[in-house]
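So you can see what is in the structure, the chains are spelled out below.
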Amino acid sequence: MAVGLQTEVPGAADDFLAGVWKRNPVFVQVLGMCPVLAVTNTAMNALAMGLATAFVLVMSSTVVSTIRKIVPHQVRIVTFILIIATFVTIVDYLIQAISLGLHRALGAFISLIVVNCLILGRAEAFASQNRIGRSILDAAGMGVGFTLALLCLGGVRELLGAGSLFGVPLLGSSFEPWTVMMLPPGGFFSLAAWLLLFSGLKQRRERKLAGEAVT
Amino acid sequence: MSAPVQTETTLPPFDVKATLRIYAVVLSVGIFCGVAIVGVYEITKPIIARNKVAARQNAVLDVLPRATTSVAYQWDDAAESFRIASSDAEGDGLVFVGFDDAEKPVGVAIETKGMGYQDFIRVLYGYSPQEQAIIGVRVLESRETPGLGDRIEKDPVFLKNFEALDVSLAGDGKTLAHPIEFVKPGEKTEPWQIDGITGATISSKATADMLRESSQIWVPRVGTRLSTFTTTEEGED
Numbered sequence: 527m528a529v530g531l532q533t534e535v536p537g538a539a540d541d542f543l544a545g546v547w548k549r550n551p552v553f554v555q556v557l558g559m560c561p562v563l564a565v566t567n568t569a570m571n572a573l574a575m576g577l578a579t580a581f582v583l584v585m586s587s588t589v590v591s592t593i594r595k596i597v598p599h600q601v602r603i604v605t606f607i608l609i610i611a612t613f614v615t616i617v618d619y620l621i622q623a624i625s626l627g628l629h630r631a632l633g634a635f636i637s638l639i640v641v642n643c644l645i646l647g648r649a650e651a652f653a654s655q656n657r658i659g660r661s662i663l664d665a666a667g668m669g670v671g672f673t674l675a676l677l678c679l680g681g682v683r684e685l686l687g688a689g690s691l692f693g694v695p696l697l698g699s700s701f702e703p704w705t706v707m708m709l710p711p712g713g714f715f716s717l718a719a720w721l722l723l724f725s726g727l728k729q730r731r732e733r734k735l736a737g738e739a740v741t
Numbered sequence: 002m003s004a005p006v007q008t009e010t011t012l013p014p015f016d017v018k019a020t021l022r023i024y025a026v027v028l029s030v031g032i033f034c035g036v037a038i039v040g041v042y043e044i045t046k047p048i049i050a051r052n053k054v055a056a057r058q059n060a061v062l063d064v065l066p067r068a069t070t071s072v073a074y075q076w077d078d079a080a081e082s083f084r085i086a087s088s089d090a091e092g093d094g095l096v097f098v099g100f101d102d103a104e105k106p107v108g109v110a111i112e113t114k115g116m117g118y119q120d121f122i123r124v125l126y127g128y129s130p131q132e133q134a135i136i137g138v139r140v141l142e143s144r145e146t147p148g149l150g151d152r153i154e155k156d157p158v159f160l161k162n163f164e165a166l167d168v169s170l171a172g173d174g175k176t177l178a179h180p181i182e183f184v185k186p187g188e189k190t191e192p193w194q195i196d197g198i199t200g201a202t203i204s205s206k207a208t209a210d211m212l213r214e215s216s217q218i219w220v221p222r223v224g225t226r227l228s229t230f231t232t233t234e235e236g237e238d
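Chains A and B supply the protein sequences, listed in that same order.
Take the position in the first sequence, starting the count at 1, then add 526; the result is the number in the working numbering.
Take the position in the second sequence, starting the count at 1, then add 1; the result is the number in the working numbering.
Chain A on its own, in the form it takes in the complex (with noise of 0.2 Å):
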């Protein structure tokens, strides 16, 4: 069944859902660790950052599909980079130009949207194979499991280590805030908790396909 399912041509929606479900970037590949466990300290935080990844990885991946034929196979990596740094570079003064407290919250971070290997493996794996169509819907798909994924682990950070979410406080003064979770090993506690959840909901959906392939 599976294997039928993946010759089957896919549609738009397939495009767009693999990346926020299936093939989520963070909880199924586990790409772009850096940022999501460094910037995921507040929910505000995680969001801007999700938000940041998800214009430079849709406008590379459209610029890369737009040039594929003309790129030379030798120089497909280094014209890719430019692309990407080039949209990085653009986004830094963008939140620059929105919120000066956000640039200085996401810091080195957004320029090392750069090397975050999620958005030269969706150029090189899809965008620069791909119709323009299907490239930006993919990339939209991942930048948006990308975005859900670092929120997660933010709002889990924010609401354990100073008993808010996005800036509110929800939990009340009688709560003690656990400064670790806040702290770089909150966000590998976190993250463990978030594959722990997600590998046992892959486990149980293949026990249950295992169970009706048998029936």
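Since the hints were derived computationally from the structure, they do not count as laboratory data.
Note that beta-carbon positions come from the ideal geometry of N, C-alpha and C, so glycine has one too.
It is possible that part of the hints are untrue.
Sample of chain B residues at the chain A side, in silico, Cβ under 7 Å [to be verified]:
#1 T20
#2 R22
#3 V27
The following label-pair restraints were derived from C-beta to C-beta distances [stated by the list, open to error]:
#4 B:P14 - A:Q729: 36 to 42 Å
#5 A:L722 - B:P66: 33 to 39 Å
#6 A:T705 - B:R22: 20 to 26 Å
#7 A:L696 - B:A80: 52 to 58 Å
#8 B:Y42 - A:R630: 18 to 24 Å
#9 B:V39 - A:L721: 48 to 54 Å
#10 A:F701 - B:L141: 27 to 33 Å
Got chain A; can you put chain B on it based on the hints?
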């Protein structure tokens, strides 16, 4: 064994056309990217500059509660006096004089920085000549540990130190009567002492140290030249 040698000898002949194409593609992508970056930079530059001025203005009014406007002044070391600076000026020796609605100077905001636990901490403090005290402190930039060192920004007990931190001038007007002192949490007895924070000793001591150093230089400079501050260029001489 001979495989690598073979690949070397069977290299395709130098293809001028293909090579030129590589150059052409990389060069044009580079030019396109360069133009895009310069374009966005030019568009966002004035907005970013405005954001920076607004953020600084907000911080100044924050540490000088009675002020409604502020003007940047630059210290001139040679002339030993202040002169008006542009609102987006940057660098050392800048102070921000706060004026009330009647255009009377009500205080001066001064920036200082010092080494914290992780990195430099940048702090803006408001000095009120009328009260001879520091009446407000705001951390502009810090990378102190969240939940521990960053309490210098949030801890209400610690911030209470800066509601009226005494920095009275001594009789000669060139030094402080009592330089700011850092004491252990809960041991503050004099108005020029700063209570530390348990669990954030290094960060709170760093804040006290930079305030002491900066106030010893700047409070005498500012406190004795209050009458020279006006909202406009006139009357400066």
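Results for each hint:
Against a cut-off of 7 Å between C-beta atoms, the interface hint on B:T20 is violated, since the closest Cβ of chain A lies about 9 Å away. Hint on B:R22 holds. Least Cβ distance to chain A is approximately 6 Å, under the 7 Å limit. Checking B:V27 against chain A: minimum C-beta separation of about 5 Å stays under 7 Å; hint holds. For the hinted restraint 36 to 42 Å between B:P14 and A:Q729, the CB-CB distance of approximately 56 Å leaves it violated.
At about 50 Å, the beta-carbon gap between A:L722 and B:P66 misses the expected band of 33 to 39 Å. The hint said 20 to 26 Å for the Cβ distance between A:T705 and B:R22, and at roughly 57 Å that hint is violated. With their beta carbons about 56 Å apart, A:L696 and B:A80 fall inside the hinted range of 52 to 58 Å. Checking the proposed 18 to 24 Å range against B:Y42 and A:R630 shows it holds: the Cβ atoms sit about 19 Å from each other.
For the hinted restraint 48 to 54 Å between B:V39 and A:L721, the CB-CB distance of approximately 42 Å leaves it violated. Our hint of 27 to 33 Å for A:F701 and B:L141 holds, since their Cβ atoms are close to 29 Å apart.
The structure is inconsistent with the numbered hints 1, 4, 5, 6, 9, although it conforms to all the rest.
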